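Quick mapping for you: the protein sequence lines, in order, are chains A and B.
When we follow the numbering used here, the leftmost residue of the first sequence carries the number 1, and every step to the right adds one.
When we follow the numbering used here, the leftmost residue of the second sequence carries the number 101, and every step to the right adds one.
No wet-lab data here; the hints were simulated from the structure.
All of these numbers come straight from a predicted model, not from anything done at the bench.
C-beta atoms are modelled at their ideal positions from N, C-alpha and C, and glycine is treated no differently.
Facing chain B, a subset of chain A residues (Cβ under 8 Å, in silico):
| hint | residue |
| --- | --- |
| 1 | K21 |
| 2 | V28 |
| 3 | L32 |
| 4 | N36 |
| 5 | E39 |
| 6 | C67 |
| 7 | Y75 |
| 8 | S83 |
With a straight-line cut-off of 27 Å between C-alpha atoms, the simulated BS3-like cross-links for lysine-lysine are:
| hint | chain 1 | residue 1 | chain 2 | residue 2 |
| --- | --- | --- | --- | --- |
| 9 | A | K92 | B | K173 |
| 10 | B | K139 | A | K92 |
| 11 | A | K51 | B | K139 |
| 12 | A | K55 | B | K139 |
| 13 | B | K139 | B | K173 |
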Amino acid sequence: MDFLKSATSSSAPPPDVAARKEAIMASVRSELALANAQELVNTMNNKCFDKCVTKPSTSLSSSEETCLSRCLERYMEAFNIVSRAYTARVSKERALEGQL
Amino acid sequence: MDNFDEATQNELRTFIDREQAQARIAQSIHTMTSRCWDKCVTGTPSTRFSRGEESCLANCVDRFLDTSLYLVKQLEAQRHSL
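Model the full structure from these sequences, guided by the hints.
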C-alpha cells in the first residue's frame, strides 16, 4: 500500500516561491494519502470486527486474532482487486469515448 | 495561495483539480471494496481467496458500473415515453 508509506507530514513553507509551491503540493499529497489510509483502516476494522469477533468476551481469543490477521490480508487484497478492476474499466470507457 | 504570481496560482489550481479527481476515484474504490467484500466474501477469512471469491470481486466492480449505466438508460427511456 503505497499511500501508507507516503503518509508523512511536511515541513513549514520556505520563503522562495518555487519551494513554497512544492511545499503546498507535498502537504496536499500527504494529507490525501493520510485520509486514504485512515479510510482503509477504518473500514477494515469494521469489516474484520464484524466477521471475526462474533461474541466479544473479556479478551481476544487466539482464533479471533488468527481470523483478524487473515481478514486484514484479505481486505487489502480485495482492495487491490477492486482497484485494478475499477482502473481497467475506467480506461476501457475512456478508450470507447475516444472512438466516438 | 496569496503572494503567488498568476502562473504559479494556475499551476496550483490545476494540481488541486487533479488531486481532487484522484481523491474521488480513491473514494469510489473504498466504497466499492466495502460493497463487494460484503457480497463476495461470505465465509471466515482464510489464508487465500477462493477462485470464486476472487472473480466475484472483479465482476462485482464491472456489474456495479453496468448497473449504474443501465439504470440511467432506463430512466432516460421512461422520460422519453412520457
